[in-house]
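J.: Residues per chain, in single letters:
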Amino acid sequence: MTATLRIGFIPLVDAAALVVAVDKGFAAAEGLDVELVREVSWSNVRDKLNIGLFDAAHLLAPVAIASSLGLGHVKVPIAAPFNLGINGNAITVSPVLHAALMEEIDGDRFDPLVTAKALARVVAKRRKAGAEPLTFGMTFPFSTHNYQLRFWMAAAGVDPDEDVRLVVLPPPYMVDSLKSGHVDAFCVGAPWNSIAVDLGIGHILHFVSDILAHAAEKVLAVRQVWADTHPELVAALVRAAVKGAEFIEHPENRTEAARILAQPERIGVDAEVIQRTLDGRLKISPDGTFRESARYLLVGREGAGRPDPIQAAWLYAQMVRWGQAALTPDGVKTTMAVFGPEVYDAALGRRPPAQAPAAFGAFAGPAFDPDNILAHLEAFEVGRWKA
Amino acid sequence: MSAEQSPKIVIVDESPVRAAILEEGLREAGFTEVVHISEMQSLLARIYAVDPDIIVIDLENPSRDVLEAMFQVSRAVKRPIAMFVDQSDSASIQASVEAGVSAYIVDGLKKERIKPILDLCVSRFNAFAKLQEELERTKSQLEDRKIIERAKGILMKVKGLTEDEAYVLLRSTAMREKKKIGEIAQSIITASEMLK
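From first to last, the protein sequence lines are chains A and B. Quick note, the first sequence lines up with residues 1 to 387 if you use my numbering. Quick note, the second sequence lines up with residues 1001 to 1196 if you use my numbering.
Take these hints with a grain of salt, some might be off.
Label pairs and their calculated CB-CB ranges [stated by the list, open to error]: (1) B:Glu1014 - A:Arg6: 20 to 30 Å; (2) B:Lys1146 - A:Asp279: 43 to 53 Å; (3) B:Glu1177 - A:Asp279: 38 to 48 Å; (4) A:Asn372 - B:Gly1030: 32 to 42 Å; (5) B:Glu1060 - A:Phe110: 57 to 67 Å; (6) B:Lys1130 - A:Leu53: 11 to 21 Å; (7) A:Glu252 - B:Glu1060: 30 to 40 Å; (8) A:Leu53 - B:Glu1177: 33 to 43 Å; (9) A:Lys179 - B:Arg1027: 54 to 64 Å; (10) A:Glu302 - B:Arg1137: 47 to 57 Å; (11) B:Glu1177 - A:Ala28: 26 to 36 Å.
Below, a list of computed lysine-lysine pairs in the DSBU-like style, where the Cα atoms sit at most 30 Å apart [claimed, not checked]: (12) B:Lys1146 - A:Lys75; (13) B:Lys1008 - B:Lys1157; (14) A:Lys333 - A:Lys24; (15) B:Lys1157 - B:Lys1115; (16) B:Lys1115 - A:Lys75; (17) B:Lys1157 - B:Lys1179; (18) B:Lys1146 - B:Lys1159; (19) A:Lys48 - B:Lys1115; (20) B:Lys1146 - B:Lys1180; (21) A:Lys48 - B:Lys1157; (22) B:Lys1179 - B:Lys1146; (23) A:Lys48 - A:Lys128; (24) B:Lys1159 - A:Lys48; (25) B:Lys1178 - B:Lys1157.
Simulated from the structure, these hints should not be mistaken for lab results. In this text the structure is predicted, and so the values were computed from the model without any measurement. We put the beta carbon where it would ideally sit given N, CA and C, even for glycine.
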């Protein structure tokens, strides 16, 4: 028997496991007839999932949590039985800001603490000169991009709410906004950083894996109610997505995966640009400099697909740190349940791995302990968890 | 409308036709303060300048995420809330999402005053969708007519038929083959081009 599912996605490389699962027939092999619906905004994906127009969706990990907690919008409990990607974002800056940072830099320019300190000096200089604060683009209030930018700059004492401006921009508008000087920098997923570099209007300053070695990025989200009433469909969907992720992680399949993702009704950009992301080999400067990192985007590798409640708790901690959520024991519980791995393990018939999941590997701050979020936050100088 | 002042409504829509339909409907319903913003570049600045009570935006507008941020992080707008209507009213939420409209309500406006506005927007959005559909249909009908004219011409020339006879032949063939007359006409054009 075949079940028909409608699944929403945003044209980004980290939808790869989902798109490949459908277009390579892994979903069909599980008895799922999936219609992938391309969307223009995270608000849309969230709303259409929440009211049941979508059965599942490619979603920002923090949006799944915010929706379950009722932050910013209607409260709808969400389950994320599969993690679509670990990492995958980058910070791109304009040539002018790049030059200003390089002038102030004192040390290794791929060390985020070094660049953050350089940023702090640029910010101070601009303030002294009476210049407008720097503007950084990110994709959504509840987004990893927002938290990654904040985590990075705050490490050197730059207050993201006081010293700079953080604005939301739809990913396809990022490049234009950098070109027009509307923003000085942005943090976004692939392929938008590469497109700015290819156009000669941006420098990739950091892969986010420089800032956090292992951070949940996008999830495959379903409504908790739907998951409870359709356990066999959720299991089939998870298995299909796992096969999609495994296919992509075989280097010999990368060209084909990139070609599938490049189709106009999927991401709709050059396959070569997409392949750079999958290979973790990105052009970082308009002069043609390439930089390689095996950690740029993890789709399925290092247990990336298995939901990790500690990742959810870390995202919740960021919401608390920046004044989006209050810290409550119930909040922690609800949040961690969103990333529960039980459905994933059962769908694959696997036992929980003996090894603990990889740590965040944050470049600054103390180790993260989900049982003591407040103590963790109090170790940071900048934040508004008390407000 | 009661003696209460008309709420300020901003319509964010890149389609001038739909925005006009919406604006007209709101004005007819007695809402006198309606502003249409089509430029996405300075969206936030314009919204701050108007300082609306309600923002109505079409769902397919990528700038929806920008508005979400404004309602969550900005302190320039007075404690705003973003919601369709009321959390408990899931039928309204569903109707507006399906119609393609989303409304953001700034705190301070009574909930019961929001409902009729949103209902009106939903019905106007649906009316616009119907209009678009009709336009598409008319377009394809026109296209069909052109094709039928060409096929008639070919039949008249090749088989020495009058215009009426050519049309009767097309129609009877279509009926016999259970196809649309336009499809039969298209196959005649294709065949004649191949046989040239």
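J.: So which of those numbered hints doesn't the model satisfy?
T.: Result: hints 3, 4, 5, 9, 12, 13, 14, 15, 21, 23 and 24 break, sorted rising.
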